[in-house]
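Chains as they are written, first to last, in the working numbering: chain A, 1 to 462; chain B, 1 to 342; chain C, 1 to 298.
Calculated directly from the structure, the hints in this document are not laboratory data.
It is possible that some hints are incorrect.
Unchecked claim - For lysine-lysine, the following DSSO-like pairs were computed, each having C-alpha atoms within a straight-line distance of at most 27 Å: (1) A:Lys392 <-> A:Lys179; (2) B:Lys82 <-> B:Lys102; (3) A:Lys257 <-> A:Lys197; (4) A:Lys161 <-> A:Lys137; (5) B:Lys102 <-> B:Lys80; (6) B:Lys88 <-> A:Lys392; (7) A:Lys197 <-> A:Lys338; (8) A:Lys137 <-> A:Lys304; (9) A:Lys444 <-> C:Lys290; (10) A:Lys187 <-> B:Lys105; (11) B:Lys82 <-> B:Lys65; (12) A:Lys137 <-> A:Lys197; (13) B:Lys258 <-> A:Lys197; (14) A:Lys161 <-> A:Lys338; (15) B:Lys88 <-> B:Lys65; (16) B:Lys105 <-> B:Lys80; (17) A:Lys444 <-> A:Lys392; (18) A:Lys403 <-> A:Lys392; (19) A:Lys191 <-> A:Lys137; (20) B:Lys82 <-> A:Lys304; (21) A:Lys187 <-> A:Lys338; (22) B:Lys88 <-> A:Lys161; (23) A:Lys226 <-> A:Lys392; (24) A:Lys137 <-> A:Lys187; (25) B:Lys258 <-> A:Lys161; (26) B:Lys258 <-> C:Lys100; (27) A:Lys197 <-> B:Lys65; (28) B:Lys105 <-> B:Lys65; (29) C:Lys70 <-> B:Lys258; (30) A:Lys444 <-> A:Lys179; (31) A:Lys226 <-> A:Lys197; (32) A:Lys197 <-> A:Lys187; (33) A:Lys304 <-> B:Lys88.
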Amino acid sequence: MKTYLMWAGMVLGGACLLILLWPREASSPEEDRALAEGRTIITYWDRHTGHEYDARVDLIEEFNRSQNEVYVRTLAIGPRIEKLLTAISGGAPPDICSMESSILASLGSQGCFTPLEDFMSSEPSLNESRFFPHVWKMVSFDGHVWAVPTTTDSTCLLWNKALFRRAGLDPERPPRTMKELDEFAAKLTIKEGARIKQIGFLPWLPWDETTGWGMIFGGTWYDEEKDRVVCGTDPHIIESLRWQQQYAYNPDRKDNKPYSIDPRWVSAAQGGGFGAYQSASNPFYTGMIAMIREGEWQVEFIRKYAPDLDWGVAALPQPEGAPPVAYSPNAVVDAIPKGSRNIEAAKAFLRWFYSPRANGGPSPASDYCFAIQNVPPRPEEARQERFIGHPKFSVFVNEVLTKPAEPFPVIPAAQFLMEEMERQRGRVTAFEATPEEAAMEIEKNTNAQLDRIRMLQGRRPQ
Amino acid sequence: MATSEYRHPFRVHWAAHLSLLLASALFILPFLWMLSTSLKPESRIFQKAGEAPQWIPSTDVRTVKGHNVVTYTGEDPALKGKSGVDFKTLDNEQHVLVIDGKEVKAWTEEFEIRQRIGFHWENYTQAFERMDFIQNLRNTLFICLTVVLGTVISSSLVAYSFSRIEWPGRDVLFVAVLATMMIPYEVTLIPLFVLYRNIGWTGTFLPLIVPAFFGVPFYIFLLRQFFMGIPQDLSAAARIDGCNEFAIFWRIILPLSKPALATTALFQFLFEWGDFLNPLIFLQDDRQYTLAIALQQFQSMHESAWGPLMAMSTVITIPVIVLFFLAQRTFIQGITMTGLKG
Amino acid sequence: MTRRERRNLVNGLLFASPYIVGFLAFTLYPLAATVYYSFCHYNVVTPPVWAGLDNYREMFALSGDNLFWKSLWNTLYFTVFSVPLGLALAIGLALLLNQKVFGISAYRTIFFLPSIVPLVASSVLWLWVLDPRSGLINSTLAQFGLPQPGWIADEYWSKPSLVLMSLWGVGGAMVIFLAGLADVPETLYEVAELDGAGRFRKFWNVTLPMLTPTILFNLVMGLIGAFQYFTQVFVMTAGRGTPNDTTMFYALYLYKMAFNFLRMGYASAMACVLFLIILAATLAVLISSKKWVHYYGD
Numbered sequence: 001m002k003t004y005l006m007w008a009g010m011v012l013g014g015a016c017l018l019i020l021l022w023p024r025e026a027s028s029p030e031e032d033r034a035l036a037e038g039r040t041i042i043t044y045w046d047r048h049t050g051h052e053y054d055a056r057v058d059l060i061e062e063f064n065r066s067q068n069e070v071y072v073r074t075l076a077i078g079p080r081i082e083k084l085l086t087a088i089s090g091g092a093p094p095d096i097c098s099m100e101s102s103i104l105a106s107l108g109s110q111g112c113f114t115p116l117e118d119f120m121s122s123e124p125s126l127n128e129s130r131f132f133p134h135v136w137k138m139v140s141f142d143g144h145v146w147a148v149p150t151t152t153d154s155t156c157l158l159w160n161k162a163l164f165r166r167a168g169l170d171p172e173r174p175p176r177t178m179k180e181l182d183e184f185a186a187k188l189t190i191k192e193g194a195r196i197k198q199i200g201f202l203p204w205l206p207w208d209e210t211t212g213w214g215m216i217f218g219g220t221w222y223d224e225e226k227d228r229v230v231c232g233t234d235p236h237i238i239e240s241l242r243w244q245q246q247y248a249y250n251p252d253r254k255d256n257k258p259y260s261i262d263p264r265w266v267s268a269a270q271g272g273g274f275g276a277y278q279s280a281s282n283p284f285y286t287g288m289i290a291m292i293r294e295g296e297w298q299v300e301f302i303r304k305y306a307p308d309l310d311w312g313v314a315a316l317p318q319p320e321g322a323p324p325v326a327y328s329p330n331a332v333v334d335a336i337p338k339g340s341r342n343i344e345a346a347k348a349f350l351r352w353f354y355s356p357r358a359n360g361g362p363s364p365a366s367d368y369c370f371a372i373q374n375v376p377p378r379p380e381e382a383r384q385e386r387f388i389g390h391p392k393f394s395v396f397v398n399e400v401l402t403k404p405a406e407p408f409p410v411i412p413a414a415q416f417l418m419e420e421m422e423r424q425r426g427r428v429t430a431f432e433a434t435p436e437e438a439a440m441e442i443e444k445n446t447n448a449q450l451d452r453i454r455m456l457q458g459r460r461p462q
Numbered sequence: 001m002a003t004s005e006y007r008h009p010f011r012v013h014w015a016a017h018l019s020l021l022l023a024s025a026l027f028i029l030p031f032l033w034m035l036s037t038s039l040k041p042e043s044r045i046f047q048k049a050g051e052a053p054q055w056i057p058s059t060d061v062r063t064v065k066g067h068n069v070v071t072y073t074g075e076d077p078a079l080k081g082k083s084g085v086d087f088k089t090l091d092n093e094q095h096v097l098v099i100d101g102k103e104v105k106a107w108t109e110e111f112e113i114r115q116r117i118g119f120h121w122e123n124y125t126q127a128f129e130r131m132d133f134i135q136n137l138r139n140t141l142f143i144c145l146t147v148v149l150g151t152v153i154s155s156s157l158v159a160y161s162f163s164r165i166e167w168p169g170r171d172v173l174f175v176a177v178l179a180t181m182m183i184p185y186e187v188t189l190i191p192l193f194v195l196y197r198n199i200g201w202t203g204t205f206l207p208l209i210v211p212a213f214f215g216v217p218f219y220i221f222l223l224r225q226f227f228m229g230i231p232q233d234l235s236a237a238a239r240i241d242g243c244n245e246f247a248i249f250w251r252i253i254l255p256l257s258k259p260a261l262a263t264t265a266l267f268q269f270l271f272e273w274g275d276f277l278n279p280l281i282f283l284q285d286d287r288q289y290t291l292a293i294a295l296q297q298f299q300s301m302h303e304s305a306w307g308p309l310m311a312m313s314t315v316i317t318i319p320v321i322v323l324f325f326l327a328q329r330t331f332i333q334g335i336t337m338t339g340l341k342g
Numbered sequence: 001m002t003r004r005e006r007r008n009l010v011n012g013l014l015f016a017s018p019y020i021v022g023f024l025a026f027t028l029y030p031l032a033a034t035v036y037y038s039f040c041h042y043n044v045v046t047p048p049v050w051a052g053l054d055n056y057r058e059m060f061a062l063s064g065d066n067l068f069w070k071s072l073w074n075t076l077y078f079t080v081f082s083v084p085l086g087l088a089l090a091i092g093l094a095l096l097l098n099q100k101v102f103g104i105s106a107y108r109t110i111f112f113l114p115s116i117v118p119l120v121a122s123s124v125l126w127l128w129v130l131d132p133r134s135g136l137i138n139s140t141l142a143q144f145g146l147p148q149p150g151w152i153a154d155e156y157w158s159k160p161s162l163v164l165m166s167l168w169g170v171g172g173a174m175v176i177f178l179a180g181l182a183d184v185p186e187t188l189y190e191v192a193e194l195d196g197a198g199r200f201r202k203f204w205n206v207t208l209p210m211l212t213p214t215i216l217f218n219l220v221m222g223l224i225g226a227f228q229y230f231t232q233v234f235v236m237t238a239g240r241g242t243p244n245d246t247t248m249f250y251a252l253y254l255y256k257m258a259f260n261f262l263r264m265g266y267a268s269a270m271a272c273v274l275f276l277i278i279l280a281a282t283l284a285v286l287i288s289s290k291k292w293v294h295y296y297g298d
């Protein structure tokens, strides 16, 4: 009898608990009201999480309040690409999604998105002429415009003025030529026997930047006409790899430079962009490394993590004779996936987000760039006081405003190319491959990947 | 009452205690680190190169006027070891320190800011402000409890078939059960999503819950191993007494397998509690999100809010630790066979 | 077929029916689709195109996919070291923790902790522990003047580092061994004692044989898990398999093929090959288990 009572009690208790936890209809009061008003409800999936997502949600709520036709429901999906891919592939995509330009390049060429050229040319704020040409390149390929650019970036040379002073260098004068960069790096590198106390400069710290260095040296990675990666025999690219190689210390060789560093000392924690990168112990903030190549987000980071750091920022030096170029590799973009059931409502939202506000104020998109401290993709907005008025942020913005900028090659094999470059650069700096071999490997492997993709697109027979 | 000496052939020895103590220090490390990080200010979370790791959260000692209290560690013999106040900064790298009433100039690395123990609870407040904790917890608990229920019932039934009944094709089917675990999820994810979408289950909890009611291979295998160890005579005797298979399963096998069933329930609970990918793929609304997904709100593209992230990780870990602490007793008391020796 | 046999077949199928139904409803289609995709060019977002054996040919071509072979080698290396070491450690801990001593509940909880702490927390910790310059291990080694390997950042130490990390997660296997130890009948020890067995003999003749069913379980699950080792290395190397592809494991490479390079067909072919490898290993273990696994019930 007792056991039966116990069992009955357990079953009853469990049932009560489950009823208590039973999921309610997933909706919010705002959304219920929107439904009652007969609005079209659309979904927006943000690749961002954290404070970047918050900034977006604030603006989307403003949109939801500003009119009574469309209600945007947001979801932070984060960096795991499986979420978006399964949804698109499974025919249940969101109405709008944000993503990096490299992902747009690989998905767009498969026709995953709704072409936007008609919509954008009819919108005064979204005309091609409004955008930086290199940003436009990132969203328009294969005969269509696939997305609206939201933010872009820019890279510069950052230096630690205190370390310059201590090395007897003028703290206000950054290196202006490649020769000076190497010289300064030598002066700023401090070794104690086998231990490295201070790194002057390392071309691949904190990120592998093989693409960017190739372009800075005047090289071409990709030929749009031929739709081919062409770096294999490009003398500038081979030169840039050779230059990077000099920064790697090789115990078996005699021609090590004073600034050469054993690549293995650059640990996973500091090179991988994980943990310590986003903290007060970032090696640049702690004075472990004197000069780095970094993006505009560092302005905000340094303010937050190393407010006492005395640092300067300047354009990256270029080799003599190389045409001036700014390297602006990526953009974050908004696209409407194929299969969206509310294309018109999605466009209405995009129109609002990217146009100046009704009261003449700046566009929500530029507010978003400001909130997350990224470079706006439209020169007119990049010239706003809040971007060029800041003594340091302006250096980054001026790079893309004053020089022809180059994006990461816009090819469907962008992800592959990115990793292949890092891999081959790693072989060069580990002295496992010569710069010539590495450049050729990148070309060969990426073109094979490209061929495969184009073959599936039916554009080139195998 | 059996003594531990029987069950464990080695006598409890001081050496065993010592090795347990040392080894447990290594294993408790992640938790302590998480706990301590959750109580640190953002600037102290990662120690600088060459600094010893800080296990006890600290806070700067400040004077009334807000200056830091410092200790001189530089070369000047007259000042070495003396303490004073960090007064103002010159040229962004030299500091003016007031030591023994005198103004002294020193480089940043020549002095040390004095610290005392101090916990930064604001990480916890921020963490709770950031997410809809109650809603996320409800979702997580609902999924966990239903999945555990389904898993234990269905997996024990299937395991019974694989261990206690002789039937043709049994071993082939058993290998097939194992085989389904050998295909990486990456390739089955998309067809699975298509399948659930076609029956209208995406955007609901059903894809996360229903499959558990049809047997989970990992636990089928686990329970089979335990059921195999129960003497066949028991079943045979029960059959002679006129019991049917279900009665044998329910009255004999299940009561004898409490440790294994507890392990199943516990593991499945833990797995669902921490599962990130399945909810991410199949849920379509942040009001359905579980705690594990909500954690990613503390990481953005370029940076992470480590303090609140670790605070929330601690909050969602502690209930599980308590649960495990309570549940593990089941493994000690599971003296299943002692009644059977006669 | 006798009546008894028929009844057994019916009962067996009835008890197994939840799985059979579930398999037909939820598992069969994804598995069949994977096999089909492995013979296709499939970029995830447009319909698959039949390609015959192209994917397999590319994979096995001698001059073809170096990274495929490298990832297979890395995975074998990891499996060969992490599975046996993990088993031995888990058994050892379970034996130590199967005592009635003060504080044993706390010890058990502590050894299980690494399996509970969220991955974000433990991977940051490990990156710091293994940091070549200022990490916990190397700063300790430096104090004793010992050589300091580059651990996760070093080509030669990256895989041993990950094996080390995996050992730290043996809590799960340990708990299963504990449950197995709880099932060892006291009578067996009593009988052994009457025969005058010492501690070691009792362990060798009673405890170990009685643990073999759980050893089989942990061995098979260990193999299946190690061959598909993914999450930790994905987080620790930001999905790149650095340095120099020495941590490019099979499942990581497969993931990149599927979702970064959008070659789901090739990834599916890789999955099928991996499936055959794991199946062969598992069958070998299962067949040999008839010799070394003792079920008390038999």
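Consistency of the hints with the structure:
no. : hint                  : verdict
1   : A:Lys392 <-> A:Lys179 : holds (25 Å)
2   : B:Lys82 <-> B:Lys102  : holds (12 Å)
3   : A:Lys257 <-> A:Lys197 : holds (16 Å)
4   : A:Lys161 <-> A:Lys137 : violated (37 Å)
5   : B:Lys102 <-> B:Lys80  : holds (14 Å)
6   : B:Lys88 <-> A:Lys392  : holds (24 Å)
7   : A:Lys197 <-> A:Lys338 : violated (54 Å)
8   : A:Lys137 <-> A:Lys304 : violated (33 Å)
9   : A:Lys444 <-> C:Lys290 : violated (51 Å)
10  : A:Lys187 <-> B:Lys105 : holds (26 Å)
11  : B:Lys82 <-> B:Lys65   : holds (20 Å)
12  : A:Lys137 <-> A:Lys197 : violated (43 Å)
13  : B:Lys258 <-> A:Lys197 : violated (59 Å)
14  : A:Lys161 <-> A:Lys338 : violated (51 Å)
15  : B:Lys88 <-> B:Lys65   : holds (12 Å)
16  : B:Lys105 <-> B:Lys80  : holds (13 Å)
17  : A:Lys444 <-> A:Lys392 : violated (40 Å)
18  : A:Lys403 <-> A:Lys392 : holds (17 Å)
19  : A:Lys191 <-> A:Lys137 : violated (44 Å)
20  : B:Lys82 <-> A:Lys304  : violated (31 Å)
21  : A:Lys187 <-> A:Lys338 : violated (55 Å)
22  : B:Lys88 <-> A:Lys161  : holds (19 Å)
23  : A:Lys226 <-> A:Lys392 : violated (40 Å)
24  : A:Lys137 <-> A:Lys187 : violated (40 Å)
25  : B:Lys258 <-> A:Lys161 : violated (67 Å)
26  : B:Lys258 <-> C:Lys100 : holds (19 Å)
27  : A:Lys197 <-> B:Lys65  : violated (36 Å)
28  : B:Lys105 <-> B:Lys65  : holds (20 Å)
29  : C:Lys70 <-> B:Lys258  : violated (44 Å)
30  : A:Lys444 <-> A:Lys179 : violated (32 Å)
31  : A:Lys226 <-> A:Lys197 : violated (48 Å)
32  : A:Lys197 <-> A:Lys187 : holds (13 Å)
33  : A:Lys304 <-> B:Lys88  : holds (20 Å)
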